[in-house]
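Chemist: Residues per chain, in single letters:
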Amino acid sequence: MIEYEFPGLLNYWIVFLLMMIGLYIVIGHENLIKKIVGLNVFQVSVFVFYISMAKIKGGTAPILADGIEVYSNPLPHVLILTAIVVGVATTALGLALVVRVQESFGTIEDDEVREQEEQDG
Amino acid sequence: MMMRRKMVLRVVSKLLIPFILLFALYVQWHGDFGPGGGFQAGVIFAAAFMLYGLIYGLGTLREALPSWVTRLVLSLGVLLYAGVGVVCLLLGGNFLDYDVLAHDPLHGQHYGIILVEFGVGLTVFAGIITIFCAFAGRAAADVNPHDPEETARAGDD
Amino acid sequence: MSFIAEHISVLVVIVPLMAAPLCVIVRHGAVSWGWATLVCLANFGLSILLMQQVLANGTIVYDLGGWEGPWGIVYHIDEVGALVVLIVSAIAAIVMPYAKESIEREIPKERHYLAYCMMLLCIAGLIGMAVTGDAFNLFVFLEVSSLATYVLIALGNDRRALTAALRYLILGTVGATFYVIGLGMIYMMTGSLNMTDLASLLPAVQNTGTVHVALAFIVVGFGLKLALFPLHVWLPNAYTFAPSAVTAFLAATATKVAVYALIRLIFTVFGDIDPLETYGVRAAVMVLAIAGMFAGSLIAIYQSNVKRLLAYSSVAQVGYMILGISIGNAPAMAGGIIHMFNHALMKGALFMALGCVFYVIGSVKLEDMAGLGKRMPLTAAAIVAGGFSLIGVPLTVGFISKFYLVEGALAAGMWPVALLIMLSSLLAVIYVWRVVEVMYFRSPAIGCETRTEAPMSLLVPTYILLGAAFWFGIDATFTGDVAMSAAQTLLGGSK
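Residue numbers (this note's numbering), protein chains in the order written: chain E, 341 to 461; chain G, 169 to 325; chain A, 1104 to 1598.
Since the hints were derived computationally from the structure, they do not count as laboratory data. What you are looking at is a predicted structure, and each value in this text was computed from that prediction instead of being measured. Cβ atoms here follow ideal geometry from the backbone N, Cα and C, with glycine treated the same way. Please note that the accuracy of each hint is not assured.
[Unchecked claim] DEER-style ranges, computed between Cβ atoms:
#1 G:Gly202 - A:Asn1260: 48 to 58 Å
#2 G:Leu184 - E:His417: 22 to 32 Å
#3 G:Arg178 - E:Glu370: 23 to 33 Å
Only chain E is shown next, with the shape it has when bound in the complex (with noise of 0.2 Å):
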């Protein structure tokens, strides 16, 4: 008998949700700030699927201990240690260069920015 517990693939199954969401908030949306976020839900997304992964049912922190045997995975948590910074980076300079959009077209609407851009020819 399979044994099913509640949370199951959940994890998952939300991971590809956020991911999808964020996807098309990048494509569909022209707003360039909703852009920018729509990739920070698509990162997030990447962040939990790594988290998710090194979980392991049982298993406590990996601080040596008496009387711990089951230690989680460490290494995707550092990874994305380092990818949650990288992604703070981007969101920085692309929120920096969407500031510099609105300044330099008075817009930051995409399709608005685009037809502005095409009179400059």
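With the hints as your guide, set chains G and A onto chain E.
Modeler: Chains G and A in isolation, oriented as in the chain E frame:
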């Protein structure tokens, strides 16, 4: 000086900021044998300054922490990290091989990780402050277009 | 000396990495430039030594922090890796001296130091991508170089540089994140991130859906970074509106390093199972490559901005590299690898010549370049010579790579592919001819007939790179040997 009348905020933030800084230092120096480290400590340390900036205004923050200081700290952090690696090279180990930093490899690992995490902490702190001031500087330009002095000082990154 | 020899594989990364923050500390344009140039020249010297070491002793494996793989991060440099390091540092060493005048003309003074700092970071990231033997470390270096690239593009004078950088940032981040997703899936299946280790662990799980999906994510992710048609949409605007020196550097290096990373992942990480064959995607990749060759060239023909024309031509040239990889025999693979090197030389030289044009006449639009053959004879001649190389005229580097590609296609019995390579070269003739025709057979606009050549500090580096493009076209033994033996090693792993 915005928030001149928000007495509660000013008093509470003044009380809080030293403890935030202290906690950041704890996270920083405790990072080598417990949860913590440069990334977290840098962000917490920066959070204290950001709170100060939010309550007392960006100009006051920049008086306490001029942009040349953040820029210097930002660079020194990276140099410290890589510098530790180079010192390891010069002492005959591989890049970032902390074993050679002291006579006892265990102590070497200890020194190495503390220094490297300190470098990370410095850079993250300065990076977060720089990001905060860059955006807040733009906001100040919108809110208060008649004070180009503050805007120029804040956006000077 | 032995100290340098022992640690050379890490020095090529940390020298530019540590030089970058010093530029921020001094915060002075000219001083930063001098420092950056010095560092780039030194790094070029290091990369030559690295190449010699790899040729003499074979693959170098360097354990960072003394932690051996697969537990620690290792640097793993084979022949192609050393060649890519050589490309990046050579181009950097030539572009840096060139950059001073060009950047002074195109970027506001207070941001000069930032440009040099970002160039150094970008170099560190690109070289890191080439030397690392750890799949996650590859992502970190990819992002280091990409973030620096976004800033460099946004430094352009035109306001469209901002949107070009922003769109590249969005697509580039999606691409890098795709790679991380794919890598996560591989890590789930194997529990390792070390490339050599992965190569031995992957065959056992090659038929699982997870690995299939992982490969798809990785190829699409890097497809975005290397501008594989139809994922190239970020490239034309980014190259067009970036400062000239930046365009020359990026066009010559960034996409090449991404191609190399993809080669590395496909042929060494998935090595033992040859994923193109096992998963039946060889034809699909080949079709995309050929579509890129034609679409890029066709769109290039209709451009009125020469920088954008060359950017679309880059999309086509990336097609040749991917075609060489997808054919899958040694000569074609060698053709792809040689083309990475050769295209870096010719595109770098062409964009640098365009930088000279922009320096003097303040525009790179085709109609403004009328009569350039009379006004700036040396620059115009450089553009023509680079154009010959793009077409693949004998005695130029372009001929060598196409020769290998055609040979590989014929050896694999794919004569239609060989024919298509020839046909797409004809398209290159058309777009190069459009520029030549405007430069030499139209008279200059009234009032600007005087002969004004770009300064020597711009022309000399351009001609050095151009000279290299002819040198390696006439005597291709070095590139040919390296690429051939590298191709055999890479393909040998997949048998």
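Chemist: Per the hint of 23 to 33 Å, is the separation of the Cβ atoms of Arg178 of chain G and Glu370 of chain E within bounds?
Modeler: 42 Å, violated
Chemist: Has the hinted range 48 to 58 Å been met by the Cβ atoms of Gly202 of chain G and Asn1260 of chain A?
Modeler: 50 Å, holds
Chemist: Is the gap between the beta carbons of Leu184 of chain G and His417 of chain E within 22 to 32 Å?
Modeler: Given about 29 Å between the Cβ atoms, the range holds.
In terms of the numbered hints stated before, the structure departs from hint 3 and from no other.
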